[in-house]
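These protein sequences, in sequence, are chains R and F.
Letter by letter, the first sequence follows residues 1 to 51 of this note's numbering.
Letter by letter, the second sequence follows residues 1001 to 1532 of this note's numbering.
The set of hints was computed from the structure by calculation and includes no laboratory data.
No experiment lies behind these values; they were computed from the predicted model shown.
Treat the hints with care, as some may be off.
Capping the alpha-carbon separation at 25 Å, the derived lysine-lysine pairs in BS3-like fashion look like this [stated by the list, open to error]:
| hint | chain 1 | residue 1 | chain 2 | residue 2 |
| --- | --- | --- | --- | --- |
| 1 | F | K1090 | R | K26 |
| 2 | F | K1448 | F | K1272 |
| 3 | R | K26 | F | K1445 |
| 4 | F | K1270 | R | K26 |
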Amino acid sequence: MTLAGLLFMLLSVGAVTTLFVWCLVKVLTGKKNPDHLAHVEPIEAKDIDRR
Amino acid sequence: MTTKQPDGWSSKLGVIMAVAGSAVGLGNFLRFPGLVADKETGGGAFLIAYFISLLVVGLPICWVEWTLGRFGGTQGYNSSPGIFHAIIRKPWGKYVGLLGFIIPVGVYFYYVVIESWCLGYAWHSFTGGLDLGKDPAAYAGFFGTFTGQTADGAILGFTGPFLFFVGVFILNFVIIYRGLSKGIEFICNWGMPLLIIIALALLVRVMTLGTPDPTKPELSVWNGLGYMWDPRDIAKGLSNPAVWLKAASQIFFTLSVGFGVIITYASYLKKKDDVVLSGLTATAANEFCEVGLGGLITVPAAFAFLGASAVAGGTFALGFNVLPQVFAGMPYGHLFGGLFFTLLFIAAITSSLSMLQPGIAFLEEGLGLDRRGSVALLGLITAVGCTLVMWFSADLKALKTVDFWIGDIGIFLQGTILIYVFNLSFGTERGWTEAHHGADLRIPKVFKFVIRWLSPAFLTIVFGLFVLKNVAGWNLSFGAPVFTPTEPILDLVGGPGHLANGVARLTAFGLLVFAGFTALMIRRAGQRWGAR
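When you get a sec, could you build the whole thing from the sequences and use the hints?
Here you go:
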C-alpha cells in the first residue's frame, strides 16, 4: 500500500468512526424528552390477553 | 369494541438502531468493498464521489424522509400512501406513495431468499460443510446447487435450502407480529451491537493474517489493503460519469433512502421527538459499518489468499464463492466463516424486517385490518412473490428481474419523488422548520440550499444517467456514444442474438399485477381516509 492509500484509508475510516462515536455520545448523553412514553405497544384491546 | 393504541418506539436509541439496522445490509460488507477495489471506477476518485454523494444526496434525503415521516405520523398516518395523502392533500396524492409499499415488499420477495442463503452458509460453515478444499469450482458448484441455479424448481420441496428459507420467512413474520418495540426494536437493539462485535472480531482476524502463503509474498493483507485503498488517478476518475453513478447509487442503496422504510419508522415518533440527530446517527452507524468495517474485511482477506482476480467477481461471487474458499484456507476457518455468515444474516434480517413494516402499516391503516389480519395478508402476498423467486431459480432470473425493476429503478424513482414532494408540496421553509421541532442538533444552514437545489438536481442527473446506462445501455461516453440495450430490457423485448426470456416476462407481468393490486388497495384506503 502506498502512503497515499494509507492516508485515504485512515481519513475515510477515521472520519466515519469519529462521526459515529460523536453521534452516539450525543444521543446517549442528550436531553430526555419528558413527553416520551416508554414502551407503547400497538395492540387491539381484544388481543391483549393473547399477547 | 376495540380501542387501538398507537404503535411506537420505546426509546430514541431504539429507533436509531432500527433505522441503522435497516440500512446496514449485505451491500455494506460485499458491494461497497468491491466498488472501492474496482480497477476502472474505484480508488480515491470513487471515495471522493462517494462522500460528496453522501453529503449532497444521502444525508439530505435522509433528513427529508425522517421529517416527512414524523409529520405524517402526527397526522395519523404511518404508511407512504397515507403520509403523501396527508402532505399533498389532493385525490392523487396517496398514489404518489404507491412505491413506498411496492418497493419494500417487492424487495422482500428476493431479499429474504438471500437472507436464507446467509443462514444456510453460516450453518454449513460452523458444521464443516463448506470445507471444500482448494478447488474454486467446488465452491461455485455448492453455491449453484444451494441456490437452485441449476434448474427451475430445483430447491422447492424437502431440501435444505428450502427449509432454511421457510424458517427465515416464518421468523420474520413472528418478529413483525410482535410489533415495533417488542419485535423490530428488540431485535435491532441486540442485533446491531452483536453485528459490530462480530465484525470487529473478524477485522482483528483479517488484520493479523499477514502473508498466508510465504511462497507468495505479494499476497498479503497489506497489499490487499493497498489494492483496495490506493487512490490511483483521481482526476481521471472524477471526470468519468460511471464513477459518480456508482458512488451515488451505492449511497442511495446503502442508506435505504427512498425505500419507504425510514418514512414509516419516523412516523411512529412524536411531534417533539428529534429527527436531526437521530437521522445523522443512523447514517453514521451505517457508514461506520460500511467504510470502517466492511471496507477493511472482505477484500483484503480475499486478496491475501487468492489474489486480485478473486476480488473482481461481483457481490454474490465475492460473498458466496470467494470468501468460503478464503475461510477454508485459514486456521479455525469454519469458525470465522460461520461468524461471517452469521454477521451477514444479522445484517439481512434487520433489513428484511424493515421491509415488512411499511406493508403492515399500510394494511392496518388503509384497510382497517388488525395486526393478525395485516400479518396474514402480507404473509400471503410475500409468500406468492417469494415462491416466484424461489421457483424460477435457474440463473436467478426472477430474482435479478425483481431486483432491477424494483430494487434499482423503483428506489431511485421514489427517492427523486421524495425530494420533490418535500420541496414543492411541503415547502422547503416549512420542512426546514418542521425538521427542527424538538431537534437535538441544528442542521447547518448550507443544507437548506443543498436540499432545495443541489439534491434534486444531482438526483435527477444521476437518475437520468442510471436509466440511460441501465435501460438504454449508454456506454457513458459523450465522444463516441453507443446505446446497447441491457440484459433486463432484452429479456423482455428480445433483440439481435438475444431471445426474450419467458421467466423475466412472467416476473415483470407479476410485478405489474402487484402494482395494480396495490393501486386498488390504495384506492380503497383513500375512501376510508376520506371518510375520516
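Against the structure, the hints come out as follows:
no.: 1; hint: F:K1090 - R:K26; in the structure: violated (40 Å)
no.: 2; hint: F:K1448 - F:K1272; in the structure: holds (21 Å)
no.: 3; hint: R:K26 - F:K1445; in the structure: holds (20 Å)
no.: 4; hint: F:K1270 - R:K26; in the structure: holds (20 Å)
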